[in-house]
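The primary structure of each chain is shown beneath.
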Amino acid sequence: MSVPLPVFVAIPLVVAFVLPALGKGLRPVATFLANLAMISLLVLAVMSFGDARVYQVGGWSIPLGINMVLDGFSSLLLLAITAVGTAAMLFSTRYMEQYTAKPKYLTLFLLMVAGMNGVVLSGDIFNLYVFLEIASIASYALVGFGGEHEELEASFKYMVLGSIASTFVLFGIALVYGNTGSLNMAYIARAIEATGMNAGLAFALSLFIAGFGLKAALVPFHAWLPDAHPSAPAPISAMLSGVLIKALGIYALTRLIFNVFGVSIPVGWVLIALGILSMVAGGLLAIGQWDFKRLLAYSSISQVGYVVLGIGLGTVLLAKGASVAWASLAILGGLFHLVNHSVYKSLLFLTSGAVEMATGTRQMRDLGGLADRMPVTRATCMVASASIAGVPPFPGFWSKLILVIAAVQAGFYWIAAAIVCVAVCTLIMYLKVQRYVFLGELPEHLRQVREAKGSMLVAMVSLAVLCVFMSLLVLVPALRAAVLQPAVDVLLEGVNHSTRLIDL
Amino acid sequence: MLYALCFLLFMIGLYCAVVKKNMVKIVIGIVVMEYAVNLFLIMLGYRTGGTAPILSGPDVDVATKTVSAHFLAAVVDPLPQALVLTSIVISLGSLALMISICIRTYTKYGTFDITEIRRLRG
Amino acid sequence: MKGMTVIVKTVSSWVKVLIFLFGIYIILFGHLSPGGGFAGGVILASSYVLLMLAFGRESVEKNLPMSIASRLDCLGAFLFALIAILGLVVGGSFFVNFLYQKYLPGEPFALVSGGTIPLSNLAIGLKVGASLFLVVFALSKFRYDSKSLANKRLSERTGEPKE
Numbered sequence: 001m002s003v004p005l006p007v008f009v010a011i012p013l014v015v016a017f018v019l020p021a022l023g024k025g026l027r028p029v030a031t032f033l034a035n036l037a038m039i040s041l042l043v044l045a046v047m048s049f050g051d052a053r054v055y056q057v058g059g060w061s062i063p064l065g066i067n068m069v070l071d072g073f074s075s076l077l078l079l080a081i082t083a084v085g086t087a088a089m090l091f092s093t094r095y096m097e098q099y100t101a102k103p104k105y106l107t108l109f110l111l112m113v114a115g116m117n118g119v120v121l122s123g124d125i126f127n128l129y130v131f132l133e134i135a136s137i138a139s140y141a142l143v144g145f146g147g148e149h150e151e152l153e154a155s156f157k158y159m160v161l162g163s164i165a166s167t168f169v170l171f172g173i174a175l176v177y178g179n180t181g182s183l184n185m186a187y188i189a190r191a192i193e194a195t196g197m198n199a200g201l202a203f204a205l206s207l208f209i210a211g212f213g214l215k216a217a218l219v220p221f222h223a224w225l226p227d228a229h230p231s232a233p234a235p236i237s238a239m240l241s242g243v244l245i246k247a248l249g250i251y252a253l254t255r256l257i258f259n260v261f262g263v264s265i266p267v268g269w270v271l272i273a274l275g276i277l278s279m280v281a282g283g284l285l286a287i288g289q290w291d292f293k294r295l296l297a298y299s300s301i302s303q304v305g306y307v308v309l310g311i312g313l314g315t316v317l318l319a320k321g322a323s324v325a326w327a328s329l330a331i332l333g334g335l336f337h338l339v340n341h342s343v344y345k346s347l348l349f350l351t352s353g354a355v356e357m358a359t360g361t362r363q364m365r366d367l368g369g370l371a372d373r374m375p376v377t378r379a380t381c382m383v384a385s386a387s388i389a390g391v392p393p394f395p396g397f398w399s400k401l402i403l404v405i406a407a408v409q410a411g412f413y414w415i416a417a418a419i420v421c422v423a424v425c426t427l428i429m430y431l432k433v434q435r436y437v438f439l440g441e442l443p444e445h446l447r448q449v450r451e452a453k454g455s456m457l458v459a460m461v462s463l464a465v466l467c468v469f470m471s472l473l474v475l476v477p478a479l480r481a482a483v484l485q486p487a488v489d490v491l492l493e494g495v496n497h498s499t500r501l502i503d504l
Numbered sequence: 001m002l003y004a005l006c007f008l009l010f011m012i013g014l015y016c017a018v019v020k021k022n023m024v025k026i027v028i029g030i031v032v033m034e035y036a037v038n039l040f041l042i043m044l045g046y047r048t049g050g051t052a053p054i055l056s057g058p059d060v061d062v063a064t065k066t067v068s069a070h071f072l073a074a075v076v077d078p079l080p081q082a083l084v085l086t087s088i089v090i091s092l093g094s095l096a097l098m099i100s101i102c103i104r105t106y107t108k109y110g111t112f113d114i115t116e117i118r119r120l121r122g
Numbered sequence: 001m002k003g004m005t006v007i008v009k010t011v012s013s014w015v016k017v018l019i020f021l022f023g024i025y026i027i028l029f030g031h032l033s034p035g036g037g038f039a040g041g042v043i044l045a046s047s048y049v050l051l052m053l054a055f056g057r058e059s060v061e062k063n064l065p066m067s068i069a070s071r072l073d074c075l076g077a078f079l080f081a082l083i084a085i086l087g088l089v090v091g092g093s094f095f096v097n098f099l100y101q102k103y104l105p106g107e108p109f110a111l112v113s114g115g116t117i118p119l120s121n122l123a124i125g126l127k128v129g130a131s132l133f134l135v136v137f138a139l140s141k142f143r144y145d146s147k148s149l150a151n152k153r154l155s156e157r158t159g160e161p162k163e
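Chains as they are written, first to last, in the working numbering: chain R, 1 to 504; chain U, 1 to 122; chain Z, 1 to 163.
Okay, chain R solo, but in the shape it has when bound (with noise of 0.2 Å):
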């Protein structure tokens, strides 16, 4: 039975519209709706994975109409998506209870789980920047949802360089409509093949590389993430730094690069500029950090970095016609890092929220010996650092060792190079973490803290073996063929894959 793929959408948002209307004693009863929520939606995208199919919503034949894509880039994004989003919300079904407005946490909560499967799903460029829109207004409230000094600071700056970047696509939008006279990718993949790039065009991907970017935090552009991703509560730190700067800022970049402008040299060299800014940026402005959740936010920076290195390294093999399979490979593994760095980030999120919550400080100077009175926090701690580390055999190490292999096929050495050297950098700003947090001397004040409870211990855990286990998808050939290979492919097709999938 295949799921139309609306329900993706209508779920989150029915239950976010139903969670206001309950009054204060059905508490409970909203808390277990919207848990009931996340895991069917993580049951059916588990279901519908591997399909590509075209849903056309309210019958209407595709030019004259909206039509929802499902293919193998999407699936694989949906199943990160609705993975942390489980885990997210079964941990602040604890964590918030330290916060007064529950409720409307949830409905915000649903609100950007909607959001970005929408844009994931979306077949047509205006209903993904419609669905863009609708997750980061969802995740600019849910940024300040606290209410004090730094957090409507940081909600303040992120919400303005945000909706910037949102205007800066809507113009990008505005263009591409005026030169191709269609909003379905494939009519304008087809329009922009027959008539080529010309000024308007080229200036329009340049809005979409600067908006996209901004929402993906690349560096020029990465101001508001330092300050917006310590200030949140954790599960949505989480959120934010696992799945929202990747499905809404790389994915929708990805997406219009190779399926429907096309791949070309130029794009691709910025992508391979923007992703080594990243990485060496973040890297070195994360070893300095004394705060838990703010050394977490410049590393999530690095990290988004080699996703978009390798993209773009893919891009510029495809187009400068060299060999298809180091495109693949380069291809693979930026595709891997991203789902990795979802599950591992997240899962660092969420220990440092554990932490804040037992300790209620996130300066790493006043931490200390955490390691015997939390010790299942320490033990999924440091399994997420050592994955992110590239500690074989965790699934970080491959994936970086992918690049690696692609860089140095394609005969960029000092790209290689770099590569390695962030991985140190990575790897001496986890040891920090570990030291500072968990080995030393336990201070005075913290001798009474107590384990995560509950739900927490639930969402962390399996976190955590998801990602000791997520190596054997590159490792094992039958399943990196299953998972990871049509997404790759989606993308190798390039301009050919929308116009194929719809028939034209």
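Hints are computed from structural coordinates only; laboratory data are not their basis.
The C-beta atom is built at its ideal place from N, Cα and C for all residues, glycine as well.
Mixed in with the good hints there might be a few duds.
Claimed, not checked - Interface residues of chain U toward chain R, partial, derived using beta-carbon atoms under 10 Å:
1. Leu5
2. Phe7
3. Ile26
4. Ile30
5. Asn38
6. Leu41
7. Gly45
8. Arg47
9. Val67
10. Phe71
11. Ser91
12. Ile117
Given the coordinates of chain R, assemble chains U and Z onto it according to the supplied hints.
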């Protein structure tokens, strides 16, 4: 030519959002940018000497369910108008959130000046 | 929030009904003339905003308290989602205009035509009206005392940063 003026309005909004120090002025700059993009979208659909895309009695042949060719030749493109309607709703929601955060920040910090609201550093 | 003078109060109590009626007209005729759910909802909300400015926030709160407006908001959104899901159940595709295709085609240019589009307009009008009323109401609830804020600013500039 009109498109260039639209782009000039967009740049004015961007300048205001980037340079000004008062929070409310930054919000106004963002609103002006969004207006400029909406104006650009509507102007894309314009056809010289066109009329509004609203059907009335003589344009429709009910029996065959077709629309007269004269109507199709004289009417402006209605699709950008639908896009702009959606975009106005989105910017309304975003503006409401921005203003409420400005007000809450004022009650906490006591000022609208962004150079004094700088607790997060590093 | 206090009200305004007697002239404003009298005139606005005559005019509020006309504005509300105009808003309902724009929503109902949304499929025949420009307007529709969003524009009509904004006009509905603006009649309440006029009342808030003329009579003060407390009297409007007695008339339409925040909890009822919030429930109306959720009801409007839920009705819209219900129409979409009914399209899936009855017609076979999400959002399909099942009333037009199967049950009630209606005459062109009449009020009862267009299938589920007028129903969607009603749901959206209800939701947007309630939402905008709530937004303006909640924003007007912020009370700040300018003297105490000036003192706080002074102490923050001269004293040590509070951590």
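Structure-based check of all given hints:
Nearest Cβ of chain R to the Cβ of Leu5/U: about 15 Å, over the 10 Å cut. The hint is violated. The interface hint given for Phe7/U is met, as the beta carbon of that residue sits about 9 Å from the closest beta carbon of chain R, less than 10 Å. Because the smallest distance between the Cβ of Ile26/U and any Cβ of chain R comes to about 6 Å, under 10 Å, the interface hint for this residue holds. Interface restraint check for Ile30/U: the shortest CB-CB distance to chain R comes to about 5 Å, inside 10 Å, so the restraint holds.
For Asn38/U, the interface hint holds, the least distance from its beta-carbon to any beta-carbon of chain R being 8 Å, beneath 10 Å. Because the beta carbon of Leu41/U sits about 5 Å from the nearest beta carbon in chain R, less than 10 Å, this interface hint is met. Proximity of Gly45/U to chain R holds as hinted, the smallest CB-CB distance being about 9 Å (cut-off 10 Å). Checking Arg47/U against chain R: minimum C-beta separation of about 13 Å lies over 10 Å; hint violated.
With a least beta-carbon distance of about 14 Å to chain R, the hint placing Val67/U at the interface is violated under the 10 Å criterion. Hint status for Phe71/U: violated, given a least beta-carbon distance of 18 Å to chain R, over 10 Å. Given hint, Ser91/U at the interface with chain R, holds; its Cβ is 8 Å from that chain's nearest Cβ, closer than 10 Å. About 5 Å separates the beta-carbon of Ile117/U from the nearest beta-carbon of chain R, less than 10 Å, and the hint is met.
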